[in-house]
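Sequences and hints are given; from them, build the entire structure.
2 protein chains.
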Amino acid sequence: MSGTVSPLAPVSLPEMPVVPGVRIATVKAGIKYKDRVDLLAMLFETGTTVAGVLTRSRCPSAPVELCRENLPGGKARILVVNAGNANAFTGSKGRHTTAVAARSAAEAAGCDEGEVFLSSTGVIGEPLDHSHFERHLNGMAASARADGWVDAARAIMTTDTFPKLVTRRVNLGDATVTINGIAKGAGMIAPDMATMLAYVATDAALSANVLRALLERFTPTTFNAITVDSDTSTSDTLLAFATGQAKDAPAITDPADPRLAEFATAFGDCLHELALMIVRDGEGATKLVRVDVTGAVSDVSAKNIAMAIANSPLVKTAITGEDANWGRVVMAVGKAGEPADRDRLAIWFGDLLVASEGERVPGYSEEEASAYMKNDEIVIRADIGLGDGRFTAWTCNLTKEYVAINGDYRS
Amino acid sequence: MSGTVSPLAPVSLPEMPVVPGVRIATVKAGIKYKDRVDLLAMLFETGTTVAGVLTRSRCPSAPVELCRENLPGGKARILVVNAGNANAFTGSKGRHTTAVAARSAAEAAGCDEGEVFLSSTGVIGEPLDHSHFERHLNGMAASARADGWVDAARAIMTTDTFPKLVTRRVNLGDATVTINGIAKGAGMIAPDMATMLAYVATDAALSANVLRALLERFTPTTFNAITVDSDTSTSDTLLAFATGQAKDAPAITDPADPRLAEFATAFGDCLHELALMIVRDGEGATKLVRVDVTGAVSDVSAKNIAMAIANSPLVKTAITGEDANWGRVVMAVGKAGEPADRDRLAIWFGDLLVASEGERVPGYSEEEASAYMKNDEIVIRADIGLGDGRFTAWTCNLTKEYVAINGDYRS
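Heads up: the protein sequence lines correspond to chains U and G, in order.
The numbering of the first sequence is the UniProt record's numbering, which starts it at 1 and goes up by one.
The numbering of the second sequence is the UniProt record's numbering, which starts it at 1 and goes up by one.
Derived from the structure by calculation, the hints contain no laboratory data.
Please note that a few of the clues may not be correct.
Identical copies go unnamed one by one, so any copy, or any two together, can satisfy a pair.
[Stated by the list, open to error] In silico lysine-lysine, DSSO-like type, Cα no more than 30 Å apart, as pairs:
(1) Lys75 to Lys247
(2) Lys400 to Lys34
(3) Lys93 to Lys28
(4) Lys400 to Lys374
(5) Lys93 to Lys75
(6) Lys32 to Lys400
(7) Lys247 to Lys374
(8) Lys93 to Lys32
(9) Lys247 to Lys400
(10) Lys374 to Lys28
(11) Lys374 to Lys75
(12) Lys247 to Lys93
(13) Lys34 to Lys93
(14) Lys28 to Lys75
(15) Lys75 to Lys34
(16) Lys247 to Lys28
(17) Lys374 to Lys32
In structure tokens form, the structure reads like this:
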């Protein structure tokens, strides 16, 4: 938790309703941070389903391995998350810590170890002491209450400057159900499961395969469409839980169930909003940047081009300088390795067409373009002019503060 | 040309001998920079051969297109380079400027337009006035002299903080021949032809196919093994010229000619040295970083892993913080998408083994590691433990100065 809050932070936190079937406890375990909550336990009613998406890193953290093992079961009773230490690249010690934590959590929740989900976030490579979990989890399970969502979001922060929360109420069949979500992440954010950590819980009654289908549908355009610095974390984890405790909630077991429509939209909105909050809290960020690529030969090609633009240090520093430097956008399109034809390329900053057919547009106004770049939220659009492929990516600018944060983080 | 010289700059410029068959002229054309040389003409004797490597950008500059057109001919009489304007993404105007410049150059050198080579470096997207070439080239050809190598290196600088020069004298058959090279580049430097601009000239008598073979042999491990910021320029150009004017120089027409051995080594050294100078002048750089990857499943896999480490903003900022943050090296190995097994991975900073078999080594000394990180030149080694694949990449650290330079460059 940094001293200064991102200028892109939401002005206020949402009022978080309870999610029937979910109870929350947080403590100050002192794992790395002093005098702040850094350990979260979220307890779920019997019958809660779970689905998730995990980092594709070849060097995943020990807790990610545990989640990967337990997700096929589709059932969850307890989620335990600590901040300050990622328990990644900690070898057999790390696996031992995870095993002890899972056992303690299962005992505390009175459940099977296969219904336990763990995440750790923070420094890589430092052994994580398992006694934190042994010492706290029983008491946390006993004291957990329904209304601790803001504390939960705070407990999982590392270099985040604000807690990330989202909530929606929607109709599902004859029931009204709630979707709550929290996330953390500010650096080491890149396309392959870019969340760092995000958790969404609902009291809808959804089977695990329905939850999985929803994640598959919405992850590509939300969490996998953001990038802060192109670095993929060893710990990225997105988990969704459905307790089924909403009054009269219909049991949905088929992803194609038409009753799911409104819920699915709201669920997608939640993921989108959480993903954007992570970009808004990008380390050192002062601008939120949307990159729209259209006219590529395919959607995949459009994504590669969008990510080449969104990850270009030169594009990102130009935005910091409030410089409408579309030449660097051309450069990024050119380096993406995707089909592109310089002489068909068109580029907009916001609604301002700055270049088309391979050159600056006649009547281009540097003043107008520069005025647009002063906004907090910038839209860059590149039309490749070759096909119908499109993708939208979100990123933030690259500032001296990013360098300061990451040059000092560990020491 | 920045006010402050990179702390990694060589302490002095080499004494540059003449290369028989090469004459040089520079002028202050005032294309963008005031009161400094910014236009270079290099004239070659009849019979000079040429080979080159050009950017793989899909949005190449107009002069790159001209070089691509003329390289198959294998003959060169004049090279013209301007700094301050890249003539990239300038549409039909840009092509017109290139055509006019090529015609003026051919007239000035008294040669065919197919023997003209052009490069432009600087801002992208601004029209480049062709009158600069029409006005200056005739006079430059008339006044060109053999000893202008340092001026030549200065004339092609943009954000470079020092001129980049290299020279070697070697035996070739019964002759002693000279190899001189110059380069420029400090930002927008990435794996796919990472030079920005580099020119090497020799008085050896080498056929164009021999020059091509030498470039193919040495480019992958020199210019294509460096990265400053992962951004590939629209203008990257490496050209090699052989005048054949050395006394008694044997005519080499077969790349496999055994007489070529000593020359080839020296030629490779020149490319290596120029490539490293570009990294040493990486925008804002204060540390030169070598990344050795060994034990990968293949050399290609090793290169991908090395570049993932070398391009990671988190690794690069940790180096700025003089922080032996090997956890971020693990992260970068994990995100490379190449076969890797966390529990076989070993990481060194310099000679210091910091992690092996998936965890920090026993007796790891933070003080010792931190002391090593204070060096100007840092070696990071990652052994993947899976095969014999290896690659060495060079990069520099990421500093606040990089952000400052690129947030202010155009405005």
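Against the structure, the hints:
no. : hint             : in the structure
1   : Lys75 to Lys247  : within (20 Å within a copy, 82 Å between copies)
2   : Lys400 to Lys34  : both (27 Å within a copy, 29 Å between copies)
3   : Lys93 to Lys28   : within (23 Å within a copy, 65 Å between copies)
4   : Lys400 to Lys374 : both (18 Å within a copy, 21 Å between copies)
5   : Lys93 to Lys75   : within (27 Å within a copy, 64 Å between copies)
6   : Lys32 to Lys400  : both (26 Å within a copy, 27 Å between copies)
7   : Lys247 to Lys374 : neither (49 Å within a copy, 62 Å between copies)
8   : Lys93 to Lys32   : within (18 Å within a copy, 60 Å between copies)
9   : Lys247 to Lys400 : neither (51 Å within a copy, 55 Å between copies)
10  : Lys374 to Lys28  : neither (41 Å within a copy, 35 Å between copies)
11  : Lys374 to Lys75  : neither (48 Å within a copy, 50 Å between copies)
12  : Lys247 to Lys93  : neither (44 Å within a copy, 69 Å between copies)
13  : Lys34 to Lys93   : within (24 Å within a copy, 62 Å between copies)
14  : Lys28 to Lys75   : within (28 Å within a copy, 73 Å between copies)
15  : Lys75 to Lys34   : neither (34 Å within a copy, 70 Å between copies)
16  : Lys247 to Lys28  : neither (34 Å within a copy, 80 Å between copies)
17  : Lys374 to Lys32  : between (38 Å within a copy, 26 Å between copies)
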